[in-house]
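As given, the protein sequences belong to chains A and B, one line each in that order.
In terms of this note's numbering, the first sequence opens at residue 1 and continues consecutively.
In terms of this note's numbering, the second sequence opens at residue 1 and continues consecutively.
A portion of the hints provided could be inaccurate.
Per the computed footprint, the stretches of chain B lying under chain A, defined by three or more beta-carbons under 8 angstroms from a beta-carbon of chain A, are [as the list claims (entries may be wrong)]:
#1 5-14
#2 69-82
#3 239-249
#4 300-309
Subject to a maximum C-alpha distance of 20 angstroms in a straight line, what follows is the list of computed SDA-like cross-link-like pairs (lysine to any residue) [stated by the list, open to error]:
#5 B:Lys448 to B:Val304
#6 B:Lys311 to A:Gln55
#7 B:Lys218 to B:Leu277
#8 B:Lys311 to A:Ser13
#9 B:Lys311 to A:Arg18
#10 B:Lys218 to B:Arg122
Rather than coming from a laboratory, the hints here were simulated on the basis of the structure.
We put the CB at the ideal spot given by N, CA and C, even for glycine.
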Amino acid sequence: MIDAENVVYDYPSGRALRGVSFVVRPGAVLALVGPNGAGKSTLMRCIAALDAPTQGAITVQGIDTQDDPRAIHASLGYLPDIYGLYDRLSVRQCLIYAARSRGVATDAAPAAAEAAAARVGLSDRMESLAGHLSRGLRQRLGIAQSLVHRPRVLLLDEPASGLDPEARASLSELIRGLAGEGMTLIVSSHILSELEDYCSEMLMLREGEVVGGGVVRLDGLATPGADTEDGGAPESSAPPVLVRVSFAVPASELLDPLGALGFSVSHIEDTDAILAIPSGTEAQTATLSALVQAGLPVRSFNLVRHTLEETYRAAAKGPASDTKTFGDEA
Amino acid sequence: MNPELQRNLWLDAPVRRLVGTAAVPVLIFLIVWLVDRGNHPYAIVIVGGAMFVGAALVWAPREARAAVTDEVYARTWDFQRTCALAPWTLTWGKLVGATARAWLLAAFSLLIAFLQLASVTRISHALFWVIVAVGLGVLMQSSGLAIGLIEIRKGRAAGRPPGQRSMGLALLTLALLAAGAVVWAHTHMVWSADLHGGVLTPGRQPLMWWGAAYDPVKFAGISLGIFAVCAVGWAWRLMRLELQLRNMPWAWVGFVVIAALYAAGFNTTPDADVGALDQRLALAGAICALCAYLGALIEPADTVRARQFLKALNPVEGLNLGGLIWTTPLIAKPMALTVILLVWDAMIRNRDTGAPQALLALATLAFLLRDLGFIAALRFSSPGRGDFGVLMRLALLYVAGALVGRLFGGANGPALFIPTLNPAGLSLMSGAIQAVLAWAWTAWRIAKAPDPQKADPQTVLSSN
Numbered sequence: 001m002i003d004a005e006n007v008v009y010d011y012p013s014g015r016a017l018r019g020v021s022f023v024v025r026p027g028a029v030l031a032l033v034g035p036n037g038a039g040k041s042t043l044m045r046c047i048a049a050l051d052a053p054t055q056g057a058i059t060v061q062g063i064d065t066q067d068d069p070r071a072i073h074a075s076l077g078y079l080p081d082i083y084g085l086y087d088r089l090s091v092r093q094c095l096i097y098a099a100r101s102r103g104v105a106t107d108a109a110p111a112a113a114e115a116a117a118a119r120v121g122l123s124d125r126m127e128s129l130a131g132h133l134s135r136g137l138r139q140r141l142g143i144a145q146s147l148v149h150r151p152r153v154l155l156l157d158e159p160a161s162g163l164d165p166e167a168r169a170s171l172s173e174l175i176r177g178l179a180g181e182g183m184t185l186i187v188s189s190h191i192l193s194e195l196e197d198y199c200s201e202m203l204m205l206r207e208g209e210v211v212g213g214g215v216v217r218l219d220g221l222a223t224p225g226a227d228t229e230d231g232g233a234p235e236s237s238a239p240p241v242l243v244r245v246s247f248a249v250p251a252s253e254l255l256d257p258l259g260a261l262g263f264s265v266s267h268i269e270d271t272d273a274i275l276a277i278p279s280g281t282e283a284q285t286a287t288l289s290a291l292v293q294a295g296l297p298v299r300s301f302n303l304v305r306h307t308l309e310e311t312y313r314a315a316a317k318g319p320a321s322d323t324k325t326f327g328d329e330a
Numbered sequence: 001m002n003p004e005l006q007r008n009l010w011l012d013a014p015v016r017r018l019v020g021t022a023a024v025p026v027l028i029f030l031i032v033w034l035v036d037r038g039n040h041p042y043a044i045v046i047v048g049g050a051m052f053v054g055a056a057l058v059w060a061p062r063e064a065r066a067a068v069t070d071e072v073y074a075r076t077w078d079f080q081r082t083c084a085l086a087p088w089t090l091t092w093g094k095l096v097g098a099t100a101r102a103w104l105l106a107a108f109s110l111l112i113a114f115l116q117l118a119s120v121t122r123i124s125h126a127l128f129w130v131i132v133a134v135g136l137g138v139l140m141q142s143s144g145l146a147i148g149l150i151e152i153r154k155g156r157a158a159g160r161p162p163g164q165r166s167m168g169l170a171l172l173t174l175a176l177l178a179a180g181a182v183v184w185a186h187t188h189m190v191w192s193a194d195l196h197g198g199v200l201t202p203g204r205q206p207l208m209w210w211g212a213a214y215d216p217v218k219f220a221g222i223s224l225g226i227f228a229v230c231a232v233g234w235a236w237r238l239m240r241l242e243l244q245l246r247n248m249p250w251a252w253v254g255f256v257v258i259a260a261l262y263a264a265g266f267n268t269t270p271d272a273d274v275g276a277l278d279q280r281l282a283l284a285g286a287i288c289a290l291c292a293y294l295g296a297l298i299e300p301a302d303t304v305r306a307r308q309f310l311k312a313l314n315p316v317e318g319l320n321l322g323g324l325i326w327t328t329p330l331i332a333k334p335m336a337l338t339v340i341l342l343v344w345d346a347m348i349r350n351r352d353t354g355a356p357q358a359l360l361a362l363a364t365l366a367f368l369l370r371d372l373g374f375i376a377a378l379r380f381s382s383p384g385r386g387d388f389g390v391l392m393r394l395a396l397l398y399v400a401g402a403l404v405g406r407l408f409g410g411a412n413g414p415a416l417f418i419p420t421l422n423p424a425g426l427s428l429m430s431g432a433i434q435a436v437l438a439w440a441w442t443a444w445r446i447a448k449a450p451d452p453q454k455a456d457p458q459t460v461l462s463s464n
């Protein structure tokens, strides 16, 4: 969906991106993380065809950002980290303008505006002036403007910056919903906890370079439910995930029946066993069902989650490879 | 409706504001009529003309510039840049929408002035001046938008937003006023046009251009129309650049060549065959030089692009023609044309009038190259420096140089700092040395800029 190849970007004051390469799968929600000044916003701007890389190439849906920047502009939505709204226009006017300027037909624009407003919870504010909205509502309007034309790719640069916890929760819910519809998202932030709820992949930048070996899959961290282009079932080749199963008896007594059921036990702690199972909801259901049907005294069954912070640290220290998976690390 | 036009009308031209704008000229014309009572046949024409100048030549260009610079201040420009509208749609949507109220006022003023002028002269005469006025308005307004886009590009290279005040717009207005004064003086004094009788008519002789005779007033009007179209094209091409589209460089070369041919067509001594080619070459060279100055001032001082150009030009790594097409600075082509024209001019002067005249032409060329190098060095040393500051330093160089030369060098001293006949050889030598120094300074400034591969990324990104 998005393919960056050896991207270099120079400002007059120096080099901001130093040979950045990565691939983002269709339907992925990529967390673009790194400290302030890592080059996240510059990379976002290059992907959005707002700035041309000094060297290298970026393609979005197979279109080179330098060969056909207008096609890129039309095909994606982009919300910069610092953005403005037309304060003297109503929410409805802002959204109709956004729709029409992004290629939605004149007669379809009002409906598209209504749909985008509904998606971000602004339906009851359509006649309010943008300048009268609170910060959280302005953020929603900014996102609504960027997705009113239903792009396949959405770039959000520090979308949660300055939002209160309630607004952040709404934003997470919105992004999960968009991911569930098959949209490919890149969300940047230097606050990792913001991204935990909805990201399926992570790319780390530091001083303009990719660290951690490339795109890191976060299968054990979040499951937006859109691992394939059409939003269907997860890929069969997806790596295993870990589940923590608590039993009514010490787990060490159940190693034989678990082995007989074909489960790979990676770790035990008192009454808990950590099992490696295939990723996806169906596999989890099947595992739990098999355990219960075998008569094992199951008390609880949970996916093992890591914080993004832990994953980030692990990946930053880890060896280089094209794509790493951290769902199988306890 | 064009979405950009509609948005501008929503923002700037709601019905209440349009009514308020329309009420202003009604009130002013009412006051004029009450005071004048129709005694002076030109009172309404003069007031209408003045209001048109204020609305179409001052207010509308400012609004056209603000149509893009205000987007930068409001941080909505990137949102606009990522829209799906064609560059031309965005251009005319802004040109028409952002200036709707100014043009309402201008159109009303022009209509009243037209009716009054037609009633005291002829309809065709009044209509001609309406066309000239609209052409002037379009020229200024399109230039206003183009200047705003240039300021955004220069600001981006300098890492700061465009300034609130536009020196470019002020300089353009001054240039237009100067051009208007030249045309008026030419028609009024040489051709004895009859302004006081209400009809501007050619006097003794028509305007000669490439050997053909033209009505000077109509010629000026048609020229204005062509330049207005060029200004619209200029704004459109700059809009394309902002939308990340590449412009083929031939249009700029084509404009410079056509402008040079246009200027070369004028014959200041229509009765003398001797030196006609010399004059045409000098005029064409002057226009090419003017375009080079313009290019030196309007192009962003971007060290990244300058390095890409130098890399593409580097014979050691192999000449990269593809890279040269996109990275060649604006000044390069008019500067090359100027060199060709002035060297040619010098050869003809050497043949016809002797070596001093030829040396003067070459000295003028050397000082032109010095100026361009000086401007480039100043702009690369401080990309945020305003055009006015650069021009003032250049003017100071000439004035102070001439004074210092006069004080310490006697009669020949000024030749060290300005191109002059006394002695032309010294002037040429001094100009050439200064040109080399100025361009060496520019090269040093570009080389001194932080090396992208060595700069601290934290510093880079925090400064952008």
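At least three residues with a C-beta closer than 8 angstroms to a C-beta of chain A: is that true for the stretch 5-14 of chain B? It holds, with 4 qualifying residues against the three required.
Given the hint that Lys448 (chain B) pairs with Val304 (chain B), does the C-alpha gap stay at or below 20 angstroms? 12 angstroms, holds
Just to make sure I understand the rule, a stretch counts as covered if three or more of its residues have a C-beta closer than 8 angstroms to a C-beta of the chain. Does the stretch 300-309 of chain B meet that for chain A? holds (count 4)
Take the C-alpha atoms of Lys311 (chain B) and Gln55 (chain A), compute the straight-line distance between them, and say whether it is at most 20 angstroms. Holds - the C-alpha atoms of Gln55 (chain A) and Lys311 (chain B) are around 13 angstroms apart, at most 20 angstroms.
Verify the coverage statement for the stretch 239-249 of chain B against chain A, using a C-beta to C-beta distance below 8 angstroms and requiring 3 or more qualifying residues. holds (count 3)
Does Arg18 (chain A) lie within 20 angstroms of Lys311 (chain B) when you go C-alpha to C-alpha? Holds, at roughly 19 angstroms.
Taking a Cβ-to-Cβ distance below 8 angstroms as contact, does the stretch 69-82 of chain B have at least three residues touching chain A? Per the Cβ count (8), the hint holds.
Assess, step by step, whether the Cα of Lys311 (chain B) is no farther than 20 angstroms from the Cα of Ser13 (chain A), and give holds or violated. At roughly 18 angstroms apart (the allowed maximum being 20 angstroms), Ser13 (chain A) and Lys311 (chain B) satisfy the hint.
Under the criterion that the straight-line Cα-Cα distance not exceed 20 angstroms, is the pair Lys218 (chain B), Arg122 (chain B) satisfied? 15 angstroms, holds
Do the alpha carbons of Lys218 (chain B) and Leu277 (chain B) lie within 20 angstroms of each other, as the hint requires? Not OK: Lys218 (chain B) and Leu277 (chain B) at ~26 angstroms, beyond 20 angstroms, violated.
Comparing the model with each earlier hint shows a violation of hint 7 alone; every other hint is respected.
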